[in-house]
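Enquirer: With the hints as extra help, turn the sequences into a complete structure.
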Amino acid sequence: MNKVFNRGNASAILTVVVLLVLWEVIARALKSVYIPPISTIAVTFVHEWFSPTFAQQAIPSLYRMVVGYFFASVIGITIGIIIGTFKRMYELLDPVLQFLRAIPPTAIIPVGILLIGIGDQMKMVVIAFGSMWPILINAADGARMVPAQRLDTARIFGLTPFETLWRVIIPSSTPMIASGMRTGLSIAFIMIVVSEMIGSTDGLGYYILSAQRTFAIPEMYGGIALLAILGYLLNTGFVWAEHRVLAWHYGQTAKPV
Amino acid sequence: MASALAPSEVILNVQGVQKRYADGTLAVQEITLDVRAREFVSIVGPSGCGKTTLLKTLCALLAPTEGAVMLHGQRIVEPPPQMVLVFQDYARSLFPWLSVYGNVMFPLRRRKDIAPAEKEQMAQRAIEAVGLTRFSKHYPWQLSGGMQQRVAIARAVAFRPEILLLDEPFASVDALTRADLEDLTLQLRNEFGITMLLVTHDIDEAVYLSDRVFVLSAPPSTVLEEIRIPLAQPRDQVRTRSEAGFLELRNHIHGLIGKRKDDGMKTFSLPESTPALTLEGETVP
Amino acid sequence: MTKKRSPVNWTGFLFFLLCVGIVEVLARLGWLTSYVPPPSAIFVALWQGLIDGDISSQIGNTLWVYVQGLALATVLAIAIGVLMGTYKPVYDALKIIVEFLRPVPSVAMIPLAILFFGLGTQMRMSVVTYAAFWPMLISTIYGVRAIDPQALDVARNFGVAGAEVLWRVTLPSALASIATGFRVSATIALVVTITTELIAGNSGIGYYISQMEQADRLPPMYAAIILTGILGYLLNSIYFALEHRFVFWTPAAQERVR
Chain P
1 MNKVFNRGNA SAILTVVVLL VLWEVIARAL KSVYIPPIST IAVTFVHEWF SPTFAQQAIP
61 SLYRMVVGYF FASVIGITIG IIIGTFKRMY ELLDPVLQFL RAIPPTAIIP VGILLIGIGD
121 QMKMVVIAFG SMWPILINAA DGARMVPAQR LDTARIFGLT PFETLWRVII PSSTPMIASG
181 MRTGLSIAFI MIVVSEMIGS TDGLGYYILS AQRTFAIPEM YGGIALLAIL GYLLNTGFVW
241 AEHRVLAWHY GQTAKPV
Chain C
1 MASALAPSEV ILNVQGVQKR YADGTLAVQE ITLDVRAREF VSIVGPSGCG KTTLLKTLCA
61 LLAPTEGAVM LHGQRIVEPP PQMVLVFQDY ARSLFPWLSV YGNVMFPLRR RKDIAPAEKE
121 QMAQRAIEAV GLTRFSKHYP WQLSGGMQQR VAIARAVAFR PEILLLDEPF ASVDALTRAD
181 LEDLTLQLRN EFGITMLLVT HDIDEAVYLS DRVFVLSAPP STVLEEIRIP LAQPRDQVRT
241 RSEAGFLELR NHIHGLIGKR KDDGMKTFSL PESTPALTLE GETVP
Chain X
1 MTKKRSPVNW TGFLFFLLCV GIVEVLARLG WLTSYVPPPS AIFVALWQGL IDGDISSQIG
61 NTLWVYVQGL ALATVLAIAI GVLMGTYKPV YDALKIIVEF LRPVPSVAMI PLAILFFGLG
121 TQMRMSVVTY AAFWPMLIST IYGVRAIDPQ ALDVARNFGV AGAEVLWRVT LPSALASIAT
181 GFRVSATIAL VVTITTELIA GNSGIGYYIS QMEQADRLPP MYAAIILTGI LGYLLNSIYF
241 ALEHRFVFWT PAAQERVR
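Residue numbers (this note's numbering), protein chains in the order written: chain P, 1 to 257; chain C, 1 to 285; chain X, 1 to 258.
A hint or two may mislead.
Said to hold, decoys possible - Facing chain C, a subset of chain P residues (Cβ under 10 Å, in silico): (1) Gln149; (2) Thr153; (3) Arg155; (4) Ile156; (5) Phe157; (6) Leu159; (7) Pro171; (8) Ser172; (9) Leu230; (10) Ala247; (11) Trp248.
To be verified - Covered stretches of chain P (in silico footprint by chain X; criterion: 3 or more residues with CB under 8 Å from a CB of chain X, positions within the stretch not fixed): (12) 13-19; (13) 89-98; (14) 191-198; (15) 231-241.
Hints are computed from structural coordinates only; laboratory data are not their basis. Even glycine gets a Cβ: it sits at the ideal position worked out from N, Cα and C.
Expert: Written out as structure tokens, the structure reads:
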């Protein structure tokens with residue numbers, strides 16, 4: 001625990017505290033509607049988010065995001081591993097995939113709305129479409145870049161193609177898949193906010209935007225703060241999980257061989 | 001200890017194997033050789049002469065463009081369970097997500113014909129044979145290069161192959177470790193009765209380890225000579241390498257590899273007047 | 001042991017055309033929902049939009065916001081990044097802020113930006129700057145910290161000191177990393193520009209897309225969507241080419257394929 005309270009962290013915390021205090025002071029002095037004092041925001045934050053609002057606004061967002069991300073991962077990993085393993089398929093599909101992935105996923109939202117309407121499914125589909133690409137591409141690259149010696153070793157020991165896929169190619173690709181999934185998670189997070197800003201009647205994206213429109217300014221800041229916290233937790237949580245599952249990979253890359 | 005020089009049956013027959021790459025270049029022109037049970041055979045040649053390609057062809061990872069590889073009289077088309085190949089690049093062939101034990105058990109796991117308890121024993125025995133019992137739970141990246149190569153060897157040995165093919169296995173380790181690993185392979189041959197087929201560019205190593213050495217020409221390669229190594233068993237790093245016969249053999253091979261490609265294959269044997277060597281009951285074919 | 005292969009992926013390209021062809025046929029047969037027009041109609045709409053100026057003017061609007069937002073982000077990121085990378089006290093002081101602000105999706109800042117700037121190009125520029133800032137900041141810090149200490153020693157040996165060291169040694173060494181960060185930032189900048197136009201814009205390609213969607217004019221809408229992809233691809237190619245030209249000393253730039 002000593003490490004947490006060293007000089008470096010002390011100055012970091014100090015900076016944050018100083019900035020917050022400055023904000024409070026300046027806000028009270030300016031008395032502008034646009035810049036409420038931190039204390040007001042904090043109070044609003046606690047009031048809003050430790051209440052049913054959380055269930056009404058935050059949970060639906062998280063739910064849609066998780067479902068969309070789940071499908072993105074499953075589809076992305078499956079297709080990615082398959083096309084990575086079969087080089088011919090990779091060549092065949094490459095231009096089509098490059099074309100689809102070049103389109104910013106947010107631009108797909110209007111299409112989604114037209115085809116599926118405004119609702120949970122649209123958001124999940126759009127999230128899945130957007131976050132799938134880094135996962136797919138990375139899974140494909142991971143499968144493609146399995147060292148030839150590993151594949152040869154599998155053949156020498158008489159592994160069937162399925163066994164090779166399951167016991168060599170997939171474990172070998174997990175670091176790259178994890179990296180793609182981390183990017184995909186950030187994208188999923190962005191997509192849920194955007195899709196709720198464009199076509200929704202609830203959710204965190206909708207909440208922030210409508211707070212701004214109805215001039216519920218402290219609520220708006222509170223919502224943004226909640227998004228920041230959620231984003232930080234998601235990212236940190238993912239990295240933590242990744243380091244545990246892929247301990248072998250991080251040990252390997254850390255140590256000079 | 002039964003001398004490996006005692007005649008044993010031929011188990012691997014390489015007949016006129018040729019390998020041409022997809023882009024047309026001829027890597028291996030024509031290789032004919034044979035390997036006997038429990039023998040230690042080395043293949044040496046200048047760099048680029050397609051030794052790795054040949055080895056891969058011998059265990060059917062690659063298909064020969066011409067000729068055939070016969071194991072126990074049967075032509076092999078798929079990598080047979082009796083042959084295992086150990087790669088030079090151990091880092092790329094070991095599985096970093098498995099421990100040492102996991103790696104060694106890997107080929108055994110799919111074998112339905114062996115009881116789990118026995119599989120465990122085979123794996124443990126192989127790990128013990130290469131001297132890594134203390135490191136069973138370690139991961140490959142936690143070990144030195146020489147130790148990693150031992151893991152690769154243990155993994156191969158646990159599979160109980162008849163023939164172990166080694167592709168320049170000690171090229172990536174330092175000289176001291178190399179000596180240890182060389183003796184390890186001799187010991188494995190003696191202890192498990194595995195036939196060894198070693199490809200190397202290190203002529204001294206080939207002469208030290210082998211019962212017979214095949215010398216390849218520059219690419220497109222053929223067999224320049226088949227050389228018997230009648231040095232005394234068991235081999236010893238210090239004693240064997242200072243024998244007069246050792247020096248003569250290695251110098252001869254050095255001379256061969258320096259030369260251009262010969263036509264036809266010769267067999268070489270030491271003149272019978274050479275002291276400190278006895279060729280008991282051995283006839284030169 | 002490599003096969004001789006044509007550098008152009010003909011099979012893939014043909015397959016792509018095949019897919020487009022299938023969609024065309026299905027759409028014309030009426031088997032696809034009426035919300036998916038035939039690719040030919042989309043292509044025509046794209047062509048006309050470019051010639052008429054409907055689409056081309058919007059491209060200009062988008063790029064106007066994009067370039068300014070990206071430029072500002074670049075300047076800020078490099079300045080702060082060099083400071084943070086070189087001076088540990090600065091890094092220590094700012095690191096928590098970076099860690100907490102970085103994962104906030106830039107789109108969450110849109111309502112905030114609307115509050116301060118209303119609807120318009122300035123609002124969008126500010127969001128783009130915010131979004132594009134972080135990747136470049138991180139890679140600048142990384143690039144500065146990864147400088148070979150020997151290079152600095154050599155410079156000091158030759159009497160280079162103070163601010164000049166920053167300018168003549170630190171920046172060039174870190175350039176490779178900064179360049180990579182720039183490409184990531186540029187990609188994000190384009191997406192964010194278009195996204196803000198979609199959500200709350202009054203000009204630009206994103207705005208055009210939402211307008212066409214509301215007016216039920218589907219071919220131009222799809223045309224604009226595809227255009228964003230093309231635009232992204234073109235810009236990325238330009239950046240790769242520039243990087244290759246100006247940061248040619250790194251192995252990464254030398255073996256560039258795409």
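Enquirer: All hints, please: hold or fail.
Expert: Structure-based check of each hint:
1. Gln149: 4 Å, holds
2. Thr153: Holds: closest Cβ of chain C sits about 5 Å from Thr153 (chain P), inside 10 Å.
3. Arg155: Arg155 (chain P) check passes; min Cβ-Cβ to chain C is 5 Å, inside 10 Å.
4. Ile156: For Ile156 (chain P), the interface hint holds, since the closest Cβ of chain C sits about 5 Å away, which is under 10 Å.
5. Phe157: OK, holds: Phe157 (chain P) within 10 Å of chain C, min 4 Å.
6. Leu159: 7 Å, holds
7. Pro171: 5 Å, holds
8. Ser172: Hint on Ser172 (chain P): holds, closest Cβ of chain C at ~8 Å, below 10 Å.
9. Leu230: Violated: closest Cβ of chain C sits about 32 Å from Leu230 (chain P), beyond 10 Å.
10. Ala247: 9 Å, holds
11. Trp248: 5 Å, holds
12. 13-19: holds (count 5)
13. 89-98: holds (count 6)
14. 191-198: holds (count 4)
15. 231-241: With 4 residues closer than 8 Å to chain X, the region 231-241 of chain P meets the three-residue bar; holds.
In terms of the numbered hints stated before, the structure departs from hint 9 and from no other.
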